[in-house]
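Peer 1: Single-letter residue listing:
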Amino acid sequence: MQAKAGTKLRTRIIKALKRDKYLFLMFLPIFIYYIIFNYIPITGAIIAFKDYKPGMGLYSGKWVGFKWFVQFFESPFAFRLIRNTVLIALYSIIYGFPVPIIFAICITEIQNTKMRRIVQTASYLPHFISTVVVVGMLKNFLSVNDGIVNAIIAALGGERINFMMDAKWFRTIYVASGVWQHFGFNSIIYIAAIIGIDPSLYESSKIDGITKFKEVWYITIPMIAPTIIVLFILQLGRIMSVGFEKVYLMYSPAVYETADVISTYVYRKGIESSSYSFSAAVGLFNSVVNFAFVFGSNLISRKLTQTSLW
Amino acid sequence: MSIKSRSSTDVFFYFIVYTLVIIAFFITLYPFVYIMSVSISDPIAVNRGEVFLWPVGFSLKGYKQVLKSGDIWVSYGNTIYYTIVGTIFNMIATVLAAYPLSRKTFCARRFLNFFIVFVMYFSGGLIPTYLLINNIGLYNSRWVMIIPGLVSSYNVMICRSAFSSIPDEVMESAQIDGANDLHILFRIAIWLIKPTLAVLTLYYAVGHWNNFFTAMLYLSDSSLYPLQVLLRRVLIQASNELLIDSTLEERSIAGIQIRYVTIVVATLPILAVYPFLQKYFVKGIMLGAVKG
Chain A
1 MQAKAGTKLR TRIIKALKRD KYLFLMFLPI FIYYIIFNYI PITGAIIAFK
51 DYKPGMGLYS GKWVGFKWFV QFFESPFAFR LIRNTVLIAL YSIIYGFPVP
101 IIFAICITEI QNTKMRRIVQ TASYLPHFIS TVVVVGMLKN FLSVNDGIVN
151 AIIAALGGER INFMMDAKWF RTIYVASGVW QHFGFNSIIY IAAIIGIDPS
201 LYESSKIDGI TKFKEVWYIT IPMIAPTIIV LFILQLGRIM SVGFEKVYLM
251 YSPAVYETAD VISTYVYRKG IESSSYSFSA AVGLFNSVVN FAFVFGSNLI
301 SRKLTQTSLW
Chain B
1 MSIKSRSSTD VFFYFIVYTL VIIAFFITLY PFVYIMSVSI SDPIAVNRGE
51 VFLWPVGFSL KGYKQVLKSG DIWVSYGNTI YYTIVGTIFN MIATVLAAYP
101 LSRKTFCARR FLNFFIVFVM YFSGGLIPTY LLINNIGLYN SRWVMIIPGL
151 VSSYNVMICR SAFSSIPDEV MESAQIDGAN DLHILFRIAI WLIKPTLAVL
201 TLYYAVGHWN NFFTAMLYLS DSSLYPLQVL LRRVLIQASN ELLIDSTLEE
251 RSIAGIQIRY VTIVVATLPI LAVYPFLQKY FVKGIMLGAV KG
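Residue numbers (our numbering), protein chains in the order written: chain A, 1 to 310; chain B, 1 to 292.
Same shape as in the complex, but just chain B (with noise of 0.2 Å):
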């Protein structure tokens, strides 16, 4: 009787669990799907609004519509460079950062500690930095997307817990050999921190990839653009920019659609490189987890 009653307690119990997680899974990826459905439905369906989940006939026109666009190429030019050179910049700095301040023997270790994370805690706000990124002139530079952001004192913190997770005798027998701390680096430590330092990239990558504030802010000059503007525009002001080359017709059908074609565009690399990625991001918030 009691392990008749138990068990259909815990039948109760999976139903909640699977239902719960089936309901999380379906809330996650719906707007995912309805927009890749919408993208590549046939537009006048989307405009009579005949799309709820899967496609409504098949189209590519927005697509051709949006690829033809010259800006959205600038865009994602401007993009992928600051992502790769602001990324490359973001992790050197960050190992030379965080390694001198793992390395229990530096006798500034404990004020250099202190020096970074305090900025953590407080910021001189938005407008004194504002004021001084307009003075040294990196207003409306290209530099502006990767200088004011080259290090983040909490990837710092993170690289730091690497470094010091290797084991002493590495560094001593190093150190035996006669080895300086620059060789120690990059000869020996850089290699053996290797799954850190790939989630720190994949961090300061996607961080680029979707910087959109720093943009707004120091650029004016829209041949610098970055992909996230150009999105802003189209998406949120509703501007029909990309389909300037069109005839009237063309554009109040393709209106709606060619916001969800534009966001399929943009976003397409992180959700293509996302599933091979994934197992670092989690890692990375582990690394995070147990810095303590």
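Looking at chain A on its own, in the form it has when it is part of the complex (with noise of 0.2 Å):
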């Protein structure tokens, strides 16, 4: 009986292979891409909990248990750096997250359909620029001597300030070319949303004859509510995963301060002065609370709404 059962599952799965050959062959670069690329540098991460030294393979070393991850929770760095990185994201998230929202609003009530194309063209602009191009225009704009906002600054009668020297400019800096850069991009989903409420919505608040204020407030607002939601929660989850180029490309030991965040501390640790042990397990502390946060959003998310990153 059960062998019969056996050699007729074996069948079921040959015909699966065969008739799905084709597919096999199509993912395997993939699949062994996907091995090289992304799950070898996973069980790499291994490093973290041995004493690797330059020159060995990925593998060998002697196991130290936690002892990187001692090492880093008990250096001074540990806090700021984690109060860095959370509070980058954080004021992103305040400052970056109403922007689009707001804008996407005003856009979709501008009744000439010239005007509003261009300036959602324009909008979405900044977006494609690299972020070397982005922070080289603050680096010159924001220069002591020859940019053009301390030139105001100075034609106003102001003491000139050294913007990108000033540990307490740095996050306001950050984050305002990032609500710059990202704004209108991030506006076109809600856009997308608001085109898509029901016409007949706003038809009958006419006839009840309710302010524009009103109408945005009962009507627009709630619609795009579960939009707004679930960005939200997304945006939460990724609290702990700052991107490394442009505080790495912003930053001097000036702002370390309040600039230096986990992955630029990862890179000088491990890549500038080869301590890949310590900056491995730096690294992999951050990517296990990364995944905590994202994963926990997603779930929350779906819970909620029904919309999930998977």
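Hints are computed from structural coordinates only; laboratory data are not their basis.
Because the structure is a prediction, the values reported are computed rather than measured.
Glycine residues also receive a C-beta, built at the ideal position from the N, C-alpha and C atoms.
Hints may be right or wrong, so weigh each one.
[What the hints assert, rightly or not] No more than 20 Å apart at the CA atoms, straight line, and that leaves these computed lysine-lysine pairs for PhoX-like: (1) B/K194 / B/K279; (2) A/K21 / B/K104; (3) A/K18 / B/K104; (4) A/K168 / A/K139; (5) A/K246 / A/K168; (6) B/K104 / A/K15; (7) A/K139 / A/K246; (8) A/K8 / A/K18; (9) B/K279 / A/K114; (10) A/K67 / A/K53.
[To be verified] Derived list of chain A stretches under chain B, where covered just means 3 residues or more per stretch with a C-beta under 8 Å from a C-beta of chain B: (11) 16-23; (12) 35-44; (13) 75-86; (14) 117-127; (15) 241-254.
[As the list claims (entries may be wrong)] A short list of chain B residues far from chain A (calculated; beta carbon distances all over 12 Å): (16) S7; (17) D10; (18) F32; (19) Y63; (20) K64; (21) I80; (22) P148; (23) S164; (24) P167; (25) I176; (26) K194; (27) P195; (28) S222.
With the hints as a guide, bring the two chains together.
Peer 2: Spelled out as structure tokens, the structure:
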């Protein structure tokens, strides 16, 4: 009886493999790619528990347990790095999240199609500029001696500010330029949501004679609320994953106090100073916390709205 | 009475809406206009800080200087190479990954979906990846700009949902006619999702054009550097390398302008194709949004 079921299962598997052979064939290179460039590095993260020396294989080296993690958390940098990483993300959400929504509401109220299209097109443009160029603009615009911002400050009789070298200014510059770069692109999804609202809702409100303010407050915003909630939760999930590139390009030792984040620290310790195991441990800590946040936020999003990333 | 007060608050509403939109428009475009103006102004006026919005005087000296430099041409060539070759590889790989995952009858579908989605949530981190790439000999090779970023799971999912939206009858009738999956994919399916493929091509191409991080990590030979590495030196580290063939006097005059010219030269291709392609970009984010 059992043997019969076994052979039945086997013939079924063979049949499925035969039917799907081209699909397997197609996926094979992709499979190899993911194994090499994603899964081997994941297993390679075990060097965080070892004493890895340059030139060794990824899996050799003496086990040291949690030594590097302990060393990180005992160092004075751990608190600063976590604080900076979280604060940059948090400020980016606080200032960056509402702007695309407000912009989307305003732009969809513009009746003149041509004007609407021009403004909308212009607003996505900065999103496609490279980080290097954006940071290059910041450095040059904010330069003490020949930047336009300080030229204006000086013309108004103020004192020139060394923006890029002042730790107080780092987060403001980072967040403001991020809002500038992405608000237009991030508004697309809200604009689509607003356009998708059933027009009969607005028509009946016109008959009732409510003002435009109330129309936005009682119709537009409630109708796009699910989109807002999902995107907000997903944003919160990324709170531990501040991008490396922009911070790296913007910062300098003078502003480490507010600018240095986990990813830049991992880069400096690991690649510039070759403390591979130590920085792999810091990176792994970040990956694990990040995973928890992303996973959690997706779970909440799925519970609330049946929408999630997977 | 009530009609009058209603329309006056509506006037106020539109006043706010138009004001905000005009401010947003100005803020997004101002830096671009300013950069353009500085790049074609008289360098002496630039040094005196006289340019605020429109060009002051007219001079193409900055452009002559920048285009004279050999470095910028080498970097430009490299970036074009990485963008074209890289994007071709990206698209082939993305299609090959997405099609099997979109087939509802594919026996390994669930497992392989998880296999590619998992890495969106968890990575080994920078250091193990760095050591791996060094160990397998990709360091300082052109391929490092192409192979490690071969597929993005996110884009595979966009492509997968495009394939899934092809009606089942199309696939079934092809199968009945005896077509295997290779035929279906290359003769039928990819032609039915052309708009999505256009979007993904653009996403990948912009990613290659703007890629700085990979080059910084893995390239040490300056003859392989893409534009973004050169840009970083000129714009952020204020290197005067593009002025190497000029006199000291020219250098002191052109120093500031040269950086703005470099921004224009490096960004122009994106700005030039942008108005034609922006509708696809928009479509792309909607594809990402509905994949759910």
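Peer 1: Please confirm whether B/K64 is truly not at the interface, meaning its C-beta sits more than 12 Å away from all C-beta atoms of chain A.
Peer 2: holds (20 Å)
Peer 1: Tell me if the straight-line CA distance from A/K18 to B/K104 falls inside 20 Å.
Peer 2: Status holds; Cα separation ~16 Å.
Peer 1: With the threshold set at 20 Å, check whether the alpha-carbon distance from B/K194 to B/K279 stays at or below it.
Peer 2: Cα-Cα ~14 Å, so holds.
Peer 1: With a cut-off of 8 Å between beta carbons, are at least three residues of the segment 117-127 of chain A near chain B?
Peer 2: Holds, because 8 residues of the segment 117-127 of chain A bring their Cβ atoms closer than 8 Å to Cβ atoms of chain B.
Peer 1: Was B/I176 rightly flagged as not at the interface, with every chain A Cβ beyond 12 Å?
Peer 2: Nearest chain A Cβ is 14 Å from B/I176, so the label holds.
Peer 1: Quick one, are A/K67 and A/K53 close enough, alpha carbons at most 20 Å?
Peer 2: Since the Cα atoms of A/K67 and A/K53 sit roughly 15 Å apart, the hinted pair holds (cutoff 20 Å).
Peer 1: Are there three or more residues in the segment 35-44 of chain A whose C-beta lies closer than 8 Å to some C-beta of chain B?
Peer 2: holds (count 9)
Peer 1: Mind checking, does the segment 16-23 of chain A have 3 or more residues with a CB under 8 Å from chain B?
Peer 2: n = 6 at 8 Å, threshold three: holds.
Peer 1: Has the given pair, A/K246 with A/K168, been kept, meaning a C-alpha gap of at most 20 Å?
Peer 2: holds (17 Å)
Peer 1: CA of B/K279 to CA of A/K114, is that 20 Å or under?
Peer 2: It holds: about 15 Å lies between the C-alpha atoms, which stays within 20 Å.
Peer 1: Is B/P195 truly not at the interface, in the sense that its beta carbon sits beyond 12 Å from all beta carbons of chain A?
Peer 2: holds (16 Å)
Peer 1: In terms of Cβ atoms, is chain A entirely out of 12 Å range of B/P148?
Peer 2: violated (5 Å)
When held up to the earlier numbered hints, the structure conflicts with 13, 16, 17, 18, 22 and fits the remainder.
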